[in-house]
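My numbering applies: residue 1 is where the sequence shown begins, and numbers increase by one.
Treat each hint with caution, since some may be false.
What the hints assert, rightly or not - Below, a list of computed lysine-lysine pairs in the BS3-like style, where the Cα atoms sit at most 25 Å apart:
1. K10 x K42
2. K24 x K10
3. K42 x K53
4. K47 x K24
5. K10 x K53
6. K53 x K38
7. K42 x K24
8. K47 x K10
9. K24 x K38
10. K38 x K10
Calculated from the structure, these hints are not laboratory results.
Quick caveat, the model's predicted, so the values are computed rather than measured.
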Amino acid sequence: MDNTTQASDKLLQEIIQLEVEVDKVMALNGNREDFVVKQYRKFIQAKRNRLTKINYHYKDQFNLPAH
Numbered sequence: 001m002d003n004t005t006q007a008s009d010k011l012l013q014e015i016i017q018l019e020v021e022v023d024k025v026m027a028l029n030g031n032r033e034d035f036v037v038k039q040y041r042k043f044i045q046a047k048r049n050r051l052t053k054i055n056y057h058y059k060d061q062f063n064l065p066a067h
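Work the whole structure out from these sequences, hints included.
Right, here's the structure in full:
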């Protein structure tokens, strides 16, 4: 596995873990978004943006379409 694949896999795993934590907090809060949930969502979005950027550049290396 190359570095791009490893970084992508790690980010995906972190995103999934954060989403599980959001689900737990939401369940404890009666499905209400509080400060903690909003912070988790910001972290998730930042990681998704980074994942998209990594994967876009990875595709670009092989002249593959971006979509």
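Earlier hints that do not hold, by number: none
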